[in-house]
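J.: Now for the letters of each chain:
2 protein chains.
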Amino acid sequence: MDTLLKKIDAMKNPTVVGLDPTLEMIPEPLQAEMFEKYGKTPDAVGSMFIKFNKEIIDSVADIVPAVKPQIAMYEKYGVEGIRAYLETIEYAREKGMTVIGDIKRGDISSTAAAYAAHIEGTEIAGEEFDLWKEDWITINPYLGIDGIQPFIDACNKKDKGVFVLVKTSNPSSSQIQDIVVKDKTIYEMVAELVKEWGTQSMGTMGYSRIGAVVGATHKEQGAHLRKIMPHTFFLVPGYGAQGGTGADLKGFFDKDGRGCIVNSSRGITAAYKKNNKYGERAGEAARAAALAMKADLQY
Amino acid sequence: MDTLLKKIDAMKNPTVVGLDPTLEMIPEPLQAEMFEKYGKTPDAVGSMFIKFNKEIIDSVADIVPAVKPQIAMYEKYGVEGIRAYLETIEYAREKGMTVIGDIKRGDISSTAAAYAAHIEGTEIAGEEFDLWKEDWITINPYLGIDGIQPFIDACNKKDKGVFVLVKTSNPSSSQIQDIVVKDKTIYEMVAELVKEWGTQSMGTMGYSRIGAVVGATHKEQGAHLRKIMPHTFFLVPGYGAQGGTGADLKGFFDKDGRGCIVNSSRGITAAYKKNNKYGERAGEAARAAALAMKADLQY
Chain A
87 MDTLLKKIDA
97 MKNPTVVGLD
107 PTLEMIPEPL
117 QAEMFEKYGK
127 TPDAVGSMFI
137 KFNKEIIDSV
147 ADIVPAVKPQ
157 IAMYEKYGVE
167 GIRAYLETIE
177 YAREKGMTVI
187 GDIKRGDISS
197 TAAAYAAHIE
207 GTEIAGEEFD
217 LWKEDWITIN
227 PYLGIDGIQP
237 FIDACNKKDK
247 GVFVLVKTSN
257 PSSSQIQDIV
267 VKDKTIYEMV
277 AELVKEWGTQ
287 SMGTMGYSRI
297 GAVVGATHKE
307 QGAHLRKIMP
317 HTFFLVPGYG
327 AQGGTGADLK
337 GFFDKDGRGC
347 IVNSSRGITA
357 AYKKNNKYGE
367 RAGEAARAAA
377 LAMKADLQY
Chain B
87 MDTLLKKIDA
97 MKNPTVVGLD
107 PTLEMIPEPL
117 QAEMFEKYGK
127 TPDAVGSMFI
137 KFNKEIIDSV
147 ADIVPAVKPQ
157 IAMYEKYGVE
167 GIRAYLETIE
177 YAREKGMTVI
187 GDIKRGDISS
197 TAAAYAAHIE
207 GTEIAGEEFD
217 LWKEDWITIN
227 PYLGIDGIQP
237 FIDACNKKDK
247 GVFVLVKTSN
257 PSSSQIQDIV
267 VKDKTIYEMV
277 AELVKEWGTQ
287 SMGTMGYSRI
297 GAVVGATHKE
307 QGAHLRKIMP
317 HTFFLVPGYG
327 AQGGTGADLK
337 GFFDKDGRGC
347 IVNSSRGITA
357 AYKKNNKYGE
367 RAGEAARAAA
377 LAMKADLQY
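These protein sequences, in sequence, are chains A and B. Quick note on the working numbering: the first sequence kicks off at 87 and runs consecutively. Quick note on the working numbering: the second sequence kicks off at 87 and runs consecutively.
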């Protein structure tokens, strides 16, 4: 997992580009091309997603260390969607990018062990397969440690990482996560668990392989969570389109400006829709948006 | 969703068979056949899972109303695993069984809307596709209502259902779900939310399309949750292999013996391994185990 931290340092850019394609996000000419070729089918959409993602990846791979494909957007299109997810991951890795699979899985122990194949790989009668190829994944803590342990073990075995949902970026995250127990909220209690779980899997740069998802939309809470979890690497969604700004995030980082990777999805991938000068050139617009975001995150 | 309730009544059997295959669960001759045909590959495992599941389905379809494939077990084998998941679902539906997809998805609103395709289907340029074909799915409440609403809308639109994780069957479920807030636990608070969410989507038989997962391993809590959620249909995992018995579950049902469907996975699908008389005849053993479970659940 230190690979990601080193890339962020080398590029001076704690940004991850969220690859969460929708049909509406795809430029018209690309839609037309694939519908022509494959008809109105999941195949057509999968092919659009792959080509679109490759354009984004090509345009940012030298300035952004990681991509975060959100598997839901691909699952929506069935097996062909999953194929697009996997081909996107392979391409991003070929271009040297770290891949954070935003899969938010979580289940009881034996089932969690099966999901851990996402980062651990799959053994079949003595043969090893890396069928998903993510470097990091996101996971859900609602089932407690026995659903988390298989992921911790996989992280240790493969030197990969997970981000546990602590405080998500959405408005109704408060409904359960902000419930107050004596003098603490649930998300603070989860944060303490994540900190404790993380001690089982430390990297060499002061951060654990067991990271946390902390939404950019919660400025004070983020800074507070940094104090609770000084050795926990944060995946920060909710920047840009969901309302968070660079200034809001200063407290999420440690005193050296490390410890976070901030996600932007539509703000980068659909930037071409916001400025006519780019026409349908999504990659060019994405690069400009990624550079602006990088500048916004320098402290 | 009333289809499932009616099937349970007609068969006098509130059982769902969990189709959670592992390589170890597959009879040796079937393993040998598929490894011979496809080599040591995900293809071979996917083909084993399909054939094994079909044998189980054939042997119980006339006495058990539903199956619950756990997607993690299939995801472990990548795209070929997902294909086996889908082919299993199609076959179970052909045989008249209801399918509960145990996918435990959960995310922020726009992403949850993409996951809702599992029950709502997918629209591509005006064409409708049902790419996943589940009748019910399980979902995770940690993100609050904006991550749940898209599923409620899909349930209303397609008359399908979801089970929200309330109190899971695993030992460490207590770690977060049993945290006490004033005079209530988190899972009780989630139960109250599920009850409230459920009023948006009532079926015609007194139960809501927004159900709850309540583990069989928690006898008192289950009976208590029935009181909190009188109109919530329960999916009950943890029977058999995880320790729950029929007697433990009486309080989970309503006074007419309705309101639950109880899952058994290995206890049925791997029953052939427990009794030499069945040899490798997994289907025959599964039927006997399903009949024993049915008898255990008559009150």
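Be careful, since some hints might not be right.
Stated by the list, open to error - Derived lysine-lysine pairs resembling DSS-like cross-links, with alpha carbons at most 25 Å apart:
| # | chain 1 | residue 1 | chain 2 | residue 2 |
| --- | --- | --- | --- | --- |
| 1 | A | K244 | B | K126 |
| 2 | B | K305 | B | K244 |
| 3 | A | K219 | B | K244 |
| 4 | A | K243 | B | K126 |
Keep in mind the hints are simulated off the structure, nothing from the lab.
J.: Out of the numbered hints, which ones does the structure contradict?
T.: Of the numbered hints given earlier, those the structure breaks are 2 and 3, listed in rising order.
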